[in-house]
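Q: Single-letter residue listing:
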Amino acid sequence: DGGITQSPKYLFRKEGQNVTLSCEQNLNHDAMYWYRQDPGQGLRLIYYSQIVNDFQKGDIAEGYSVSREKKESFPLTVTSAQKNPTAFYLCASSKATSTDTQYFGPGTRLTVL
Amino acid sequence: AQSVTQLDSQVPVFEEAPVELRCNYSSSVSVYLFWYVQYPNQGLQLLLKYLSGSTLVKGINGFEAEFNKSQTSFHLRKPSVHISDTAEYFCAVSGGPSGGSQGNLIFGKGTKLSVKP
Numbered sequence: 001d002g003g004i005t006q007s008p009k010y011l012f013r014k015e016g017q018n019v020t021l022s023c024e025q026n027l028n029h030d031a032m033y034w035y036r037q038d039p040g041q042g043l044r045l046i047y048y049s050q051i052v053n054d055f056q057k058g059d060i061a062e063g064y065s066v067s068r069e070k071k072e073s074f075p076l077t078v079t080s081a082q083k084n085p086t087a088f089y090l091c092a093s094s095k096a097t098s099t100d101t102q103y104f105g106p107g108t109r110l111t112v113l
Numbered sequence: 114a115q116s117v118t119q120l121d122s123q124v125p126v127f128e129e130a131p132v133e134l135r136c137n138y139s140s141s142v143s144v145y146l147f148w149y150v151q152y153p154n155q156g157l158q159l160l161l162k163y164l165s166g167s168t169l170v171k172g173i174n175g176f177e178a179e180f181n182k183s184q185t186s187f188h189l190r191k192p193s194v195h196i197s198d199t200a201e202y203f204c205a206v207s208g209g210p211s212g213g214s215q216g217n218l219i220f221g222k223g224t225k226l227s228v229k230p
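Residue numbers (this note's numbering), protein chains in the order written: chain L, 1 to 113; chain Y, 114 to 230.
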């Protein structure tokens, strides 16, 4: 089955630790995205990538980093510089044009202890 | 800059009643409009999208939306809801054919639809 997988589903982190969230897609999509979702805030774009080895900051990139070494993979690292990392993180992919549907993964819920 | 306003954060409704979830957008350029649904602790799923052509767009699960350019609105409707429609609904806009970062989606804050028996 084609789709987007995110792992883990739940993640707990101690303050001061970096943590990496995985996102993999087998849809052969060029573009991939990371969003952060907080209650009542909708989705906010963290980073996006339209092609391999290239990525751009979104609206709330501070405290996050990404890489795009393979077309299928777009991992997100939440660094210790992110002041309030507890949130639901969603990865998406699309064919990279503005008319194309973004397909979402099931999400990772990150909790900082 | 583009923005999306979902006027109601919560909408309670009884089963088999009609429902309308409101969405207004602001943009100075042509836009593409989307409605997504999110069930608890899951990702988002596309309900429908407007790109061009007919202003009435039909989607999955019996939902439809009407694009109104003069009122900059894209309200979502369903004539008769089911318990299973209980979820959060997000309206989103992208910047039309200009592409690049304008192709990215801007989301509203969501409307929680609660269908009661």
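No lab work stands behind these hints, which were simulated from the structure alone. Any given hint could turn out to be false.
Partner residues aside, some chain Y positions facing chain L, computed with beta carbon under 10 Å [unchecked claim]:
| # | residue |
| --- | --- |
| 1 | Q119 |
| 2 | L120 |
| 3 | F127 |
| 4 | A130 |
| 5 | S139 |
| 6 | F147 |
| 7 | Y149 |
| 8 | L159 |
| 9 | L164 |
| 10 | G166 |
| 11 | S167 |
| 12 | T168 |
| 13 | K171 |
| 14 | L218 |
| 15 | F220 |
Below, in silico cross-link-like pairs of lysine-lysine (DSS-like), each with a Cα-Cα straight-line distance of 25 Å or less [unchecked claim]:
| # | chain 1 | residue 1 | chain 2 | residue 2 |
| --- | --- | --- | --- | --- |
| 16 | L | K70 | L | K83 |
| 17 | Y | K171 | L | K9 |
| 18 | L | K9 | Y | K222 |
| 19 | Y | K225 | L | K95 |
| 20 | L | K57 | L | K83 |
Residues of chain L clear of chain Y, computed beta-carbon distances all greater than 12 Å [unchecked claim]:
| # | residue |
| --- | --- |
| 21 | F12 |
| 22 | N18 |
| 23 | Q50 |
| 24 | D59 |
| 25 | S67 |
| 26 | K70 |
| 27 | K71 |
| 28 | S73 |
| 29 | D100 |
| 30 | Q102 |
| 31 | R109 |
Quantities reported herein were computed from a predicted structural model and do not represent experimental measurements. Think of the CB as a built atom: it goes at the ideal place given N, C-alpha and C, for glycine as much as any other residue.
Q: Against this structure, judge whether each hint is valid.
A: Hint check:
{"no.": "1", "hint": "Q119", "result": "holds, 8 Å"}
{"no.": "2", "hint": "L120", "result": "violated, 13 Å"}
{"no.": "3", "hint": "F127", "result": "violated, 24 Å"}
{"no.": "4", "hint": "A130", "result": "violated, 25 Å"}
{"no.": "5", "hint": "S139", "result": "violated, 15 Å"}
{"no.": "6", "hint": "F147", "result": "holds, 8 Å"}
{"no.": "7", "hint": "Y149", "result": "holds, 8 Å"}
{"no.": "8", "hint": "L159", "result": "holds, 5 Å"}
{"no.": "9", "hint": "L164", "result": "holds, 5 Å"}
{"no.": "10", "hint": "G166", "result": "violated, 12 Å"}
{"no.": "11", "hint": "S167", "result": "violated, 16 Å"}
{"no.": "12", "hint": "T168", "result": "violated, 17 Å"}
{"no.": "13", "hint": "K171", "result": "violated, 15 Å"}
{"no.": "14", "hint": "L218", "result": "holds, 6 Å"}
{"no.": "15", "hint": "F220", "result": "holds, 4 Å"}
{"no.": "16", "hint": "L:K70 / L:K83", "result": "violated, 29 Å"}
{"no.": "17", "hint": "Y:K171 / L:K9", "result": "violated, 32 Å"}
{"no.": "18", "hint": "L:K9 / Y:K222", "result": "holds, 23 Å"}
{"no.": "19", "hint": "Y:K225 / L:K95", "result": "violated, 29 Å"}
{"no.": "20", "hint": "L:K57 / L:K83", "result": "holds, 17 Å"}
{"no.": "21", "hint": "F12", "result": "holds, 16 Å"}
{"no.": "22", "hint": "N18", "result": "holds, 24 Å"}
{"no.": "23", "hint": "Q50", "result": "violated, 8 Å"}
{"no.": "24", "hint": "D59", "result": "violated, 9 Å"}
{"no.": "25", "hint": "S67", "result": "holds, 19 Å"}
{"no.": "26", "hint": "K70", "result": "holds, 21 Å"}
{"no.": "27", "hint": "K71", "result": "holds, 18 Å"}
{"no.": "28", "hint": "S73", "result": "holds, 17 Å"}
{"no.": "29", "hint": "D100", "result": "violated, 8 Å"}
{"no.": "30", "hint": "Q102", "result": "violated, 6 Å"}
{"no.": "31", "hint": "R109", "result": "violated, 8 Å"}
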